[in-house]
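*Asks:* Going down the list, the protein sequences come from chains A and B.
Residue 1 is where the first sequence starts when you use the working numbering, and the numbers rise one by one after that.
Residue 1 is where the second sequence starts when you use the working numbering, and the numbers rise one by one after that.
These are computed hints drawn from the structure, not numbers from a lab.
Since this is a predicted model, take the numbers as computed values, not measurements.
Each residue gets a CB set at the ideal place from its N, CA and C atoms; glycine is no exception.
Take these hints with a grain of salt, some might be off.
[Said to hold, decoys possible] Below 20 Å or equal to it, Euclidean Cα-Cα: the simulated EDC-like pairs (lysine to aspartate or glutamate) are: (1) A:Lys110 with A:Glu6; (2) B:Lys398 with A:Glu197; (3) A:Lys10 with B:Asp392.
[As the list claims (entries may be wrong)] Chain B is faced by these chain A residues, among others (derived, beta-carbon under 8 Å): (4) Asn2; (5) Phe13; (6) Phe75; (7) Pro77; (8) Ser147; (9) Ser178; (10) Tyr182; (11) Ala183.
[To be verified] Where chain A lies over chain B, by a calculated footprint (3+ residues, C-beta under 8 Å): (12) 369-377; (13) 384-390.
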Amino acid sequence: MNIIQELFGKSPFGPLVEHTKKVHECVEMIRPLMEALVNEDYDEIRRLQDQVSKLEYEADTIKHNVRDHLPRRYFMPVDRVDLEGFISSQDNIADKAEDFAVILTLRKTKLHPAIMDKFFDFVDQIFQVTGTLLTAAVELSNLAEASFSGAEAKVVLSLLKGLNEEEWKADRKARSLSKDVYALEKELDPITIIFYEKMILTLGAIANEAENAGDMLRTMILK
Amino acid sequence: MDILILALMVLLGLYMAWNIGANDVANSMADAVGSGALSVKQAVIAAGICEFAGAVLVGSHVTDTIRKGIVDPSALASMPGMLEGEPAALLVIGMSAALLSAAIWLNFATWTGMPVSTTHSIVGAIAGFGIVAAGIGSVNWGKMGQIVASWFISPFVGGLIAFIIFKIISKMILGQAQPAKAAIKVTPYIVFFLAIVVTLATIYKGFKHVLKGIDWLTDTHTLLIAVVISVISTSISRIHVKRKLGDKGALPLAQQLELVEEVYVPLVIISSCAVAFAHGANDVANSVGPLAAVANILKTGTVEMKVPVPLWILVLGGCGIVLGLSTYGYRVMATVGTKITEITPTRGVAADIAATATVLICTRMKLPVSTTHTLVGAIMGIGLARGLAGIDSRIAKKIFKSWLITVPAAAIVCIILFLLGRAYLLDYVRQLVLAARVS
Chain A
1 MNIIQELFGK SPFGPLVEHT KKVHECVEMI RPLMEALVNE DYDEIRRLQD QVSKLEYEAD
61 TIKHNVRDHL PRRYFMPVDR VDLEGFISSQ DNIADKAEDF AVILTLRKTK LHPAIMDKFF
121 DFVDQIFQVT GTLLTAAVEL SNLAEASFSG AEAKVVLSLL KGLNEEEWKA DRKARSLSKD
181 VYALEKELDP ITIIFYEKMI LTLGAIANEA ENAGDMLRTM ILK
Chain B
1 MDILILALMV LLGLYMAWNI GANDVANSMA DAVGSGALSV KQAVIAAGIC EFAGAVLVGS
61 HVTDTIRKGI VDPSALASMP GMLEGEPAAL LVIGMSAALL SAAIWLNFAT WTGMPVSTTH
121 SIVGAIAGFG IVAAGIGSVN WGKMGQIVAS WFISPFVGGL IAFIIFKIIS KMILGQAQPA
181 KAAIKVTPYI VFFLAIVVTL ATIYKGFKHV LKGIDWLTDT HTLLIAVVIS VISTSISRIH
241 VKRKLGDKGA LPLAQQLELV EEVYVPLVII SSCAVAFAHG ANDVANSVGP LAAVANILKT
301 GTVEMKVPVP LWILVLGGCG IVLGLSTYGY RVMATVGTKI TEITPTRGVA ADIAATATVL
361 ICTRMKLPVS TTHTLVGAIM GIGLARGLAG IDSRIAKKIF KSWLITVPAA AIVCIILFLL
421 GRAYLLDYVR QLVLAARVS
C-alpha cells in the first residue's frame, strides 16, 4: 500500500449530507399522513407508514455508512463528538417521524374540525424547522471546501440562528394547539385527547431534535 | 574496469533506482493527480521527465554527507595489518553491500507495506558497514544524530509551512465573501512565493552542479535570479487570474470557490513537478551516491576524500527511476489518483510548496531527508488547518515505526552482505584495485 494513499480517509461529509436528505424525506411524509387522517383514509395511512419505515431504514443504512468513515484514528476538521451528536440527532428525527406514522395506525381517530387549521399550521412549522436544518447541512460540503471559516461559515451560522427562531415558533404553536385540544375536553373522549397529545408531543420532539442537530452543526463550525 | 564488474554495478544502481521509481515517485505527483489537475497518464509522463531531470542535474551536496559524513574512509586506511589496496577493496565491497542492502530492505518494506524512505535505508546501511569494517568509532555519531533529528524535523517543518500557507489561502481567499475577487488580489503573492522556492530549488539542486565552472553564480546572484523570475511569473499570473476571475465576483459562493480552485490547477501542476524534481535530485543522489565511490575507486585504485559523481551514474539513476515508474509506478499512481480525491488544487499547492521548501532547506544544510515523509507532514499540516476531511493519523505512527526499524534493519542486512563479500570477494576486488593502480 502506498503511504500517501493510505493517509487519506474518505470524507464523511458526502454521506452525512445524504443522511440529512434521507431524514428529511421521512419528515416530508408527515403532511400526507395528516391529509390521509383528515380524509379518514386508514388504508392510505398504513401504506404511508410502510413508506416511512422504509425511508427510516434507508437512513439507518446511510448512518452506518457515515460511521464507517469515522474510525478513531482519523483526524478531521470538525470534532468527532459533535459530528456523532449531529448524526444521532438526525437519527432521532427519522425515528420520531416513523413514530408519528405508527401512532396514526394504532387507532382510527378523527381529526376534530376545530383544531384542524392550527394542527396543519403546526405541521408546516415543523417542516419549516427541519427544512432550515436541511439547507444548513447541505452547505456542509461547501463548508469543508472553505475549511469551515469565513463567509461560507457565516452563511451557515445565520441559517442556524434562523433555525432556533423557527423552533421557538414551533414550541409556541405546540402549546397553543395543546390548549385548544384541552378546550375540547367536553366534546371529545379522553382517549382521543391523549391521542392528539401524543401526536403533538412527537412532532414537537422532531423540532427539538432538529434544534439539537443545528447546535451540533454550530459547534462543529466554531471548533 | 572489468566489463563484468561494470555490468554488476549498473544492475545494482538500476535495481535501487527502480525501487524508487516503483514506489516513491507516485507520491511526488500525488497532489496533482489527486486534485484532478493531471490525468494519471499525464502525471506519469511529467513525473518521468521531472524525476529524470532532477536526478541528472542533481547537486552533489547530499551525496557527500552520506559517503564521508557518516563513515570516515581514512579510519579504514589507518587500521593496523592492512594489505596494500585492502582498504580500497573493503570500501568497494562495503558501498556495494550498502547499496544492495538498502535496495533489498526497500523492496521488503514495500512488500510488507511499510512507508520506508530510500534515504534512511542507505544511511543505515552505510552506518552498518562502518561499524563492522572500521569499528563503532569510525561512525560519526554526531552527524548521525543530526541526520536522524532531521527526519523528525523535516515532516514537522513541512507541516508547519503547509499549515501557514493553507491558513493564508483559506483566510484571505476561500473564506472571503467574494473568493474570486480575493483570489485576484492574493494569488500573485502565492505565485511569487512558489516561484522563489521552485527556482531556488532548481538552481541549488540542479544547475549548480551542471554549471560548475560559473563563478558568478553566487548565493546573492542566485537569489537575484530567483527574484527576477518570480516577479515575471507573478506578473503573468496576475494577468491570467484577472482574465479568469475578473467578472466572476457576482456568482454564487460555491461557484466562485470552484473557479478559484480552477485557477490553482496550473500552480499545483508546477509545484508537483517541483516536488518530483526535488525528489529525483534528493533521493537519486542519496541512493546512487555510493556507486560513485565504488566507480571511482575501481577506476583510480585509490580512495580519495572527495569523489565526483560521474554523469553516467546519475543518468543511470534517472533511467532506473523512469523504468520503475513505467513498469510498476504507474499502477501506484493510478490508485493514488483515485484514492485521494479529497485534495483540491489550493491544498495541493500549499502542500507542495511546503515540501519543496523544506527539502530545499535540508539539502542546503546537508541533511538527507525523505521527500515522501516531508510531503506527508505537509499534508497533515493542511489537515490540521481544517483543510481536509479525514486524515488517517495511523500513518504518523507507521512512519515513526519505520524510522525506528529502518536504520538497524538496513544496517544488519548490510553487515551480513559485507561480511559475505569480505569472506569471498576480498582478494578478487583487491586484485582489481591493484590492477587499476598499475594502469
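*Asks:* Out of the numbered hints, which ones does the structure contradict?
*Replies:* Hint check: 1, 2, 9, 10 and 11 fail, others pass.
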